[in-house]
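Can you build the whole structure from these sequences, using the hints too?
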Amino acid sequence: MKLTVVEGLQSEIYVPITPPPVYTPFTKQLKDCSVALVSAAGIHMKSQKPFNLAGDFTFREIPGDTPSSELMVTHGGYDNTDVNKDINCMFPIDRLRELAKEGFIKAVAPVHVGFMGGGGNVKKFQEETGPQIAEVLKREGVDAVVLTAG
Amino acid sequence: MIVQRAIENIGIPTVLIAALPPVAKQQGSPRIVAPMVPMGANVGEPNNKVMQTAILKDALNALVTIDTYGKVVNLPYEYKAKI
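Respectively, the protein sequence lines represent chains L and P. For the record, in the first sequence the residue sitting at position 42 is 41 according to numbering that gives the first Met the number 0, with numbers rising by one throughout. For the record, in the second sequence the residue sitting at position 11 is 10 according to numbering that gives the first Met the number 0, with numbers rising by one throughout.
Worth flagging that the hints you see were computed from the coordinates, not collected in a lab. Hints should not be assumed to be uniformly reliable.
[To be verified] Sample of chain P residues facing chain L (criterion: CB under 8 Å; computed from the structure):
1. 4
2. 5
3. 12
4. 14
5. 19
6. 25
7. 39
8. 41
9. 45
10. 46
11. 58
12. 62
13. 69
14. 72
15. 74
16. 75
Just so you know, even glycine gets a beta-carbon here, dropped at the ideal spot from N, CA and C.
Encoded structure:
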């Protein structure tokens, strides 16, 4: 078909582009899995540096044995009321421990990850932060990851 | 979802508990479970151990049941924050 408009003409309306699929099949059984939590909700330990509310592409490694009372949230992109009452609303570490205890999963992973999602420097997240977090989880032998975001 | 995709890309299967599943799907999240929750309480009502356990268990089970990229599984749990 011959173009009837100016070649290269583009809409001035930006539309989100869905990236190509990425998918790793789940081949194990849950009872044999070491499971890690990864949250974009701004979770970190009280002893760690808080996120910069103006934008932050860094992440925090949270050891698997950290008591939930030692965790807090720094994130300006959503209402923190519920998560301040109970960190498990976004980072269900106590629930995960209970599932490991009852044998539903094999273990709580030795490390979990918190970062501040919801935009920021998308390029940094794609090219640096994302791959770095993935490397940490691989290094620690994590079999499956549950994320909270969005 | 960028981070979820990076983890999946390195060979670790993942599942996302999302409060805004259409956004997650549009952003290319490979596996999504969606309870009826507000942003900020994705795993359910604060201090509601029964609901949080159910949502987390169903999320983990979705690793087994979701057999293809980009599926959304709606979960039958509802929490409305009082704002």
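Requested in this report: Compare the structure with the hints numbered earlier in the document and write down the numbers of the violated ones, lowest to highest.
Outcome: Violated hints: 14, 15 and 16; rest satisfied.
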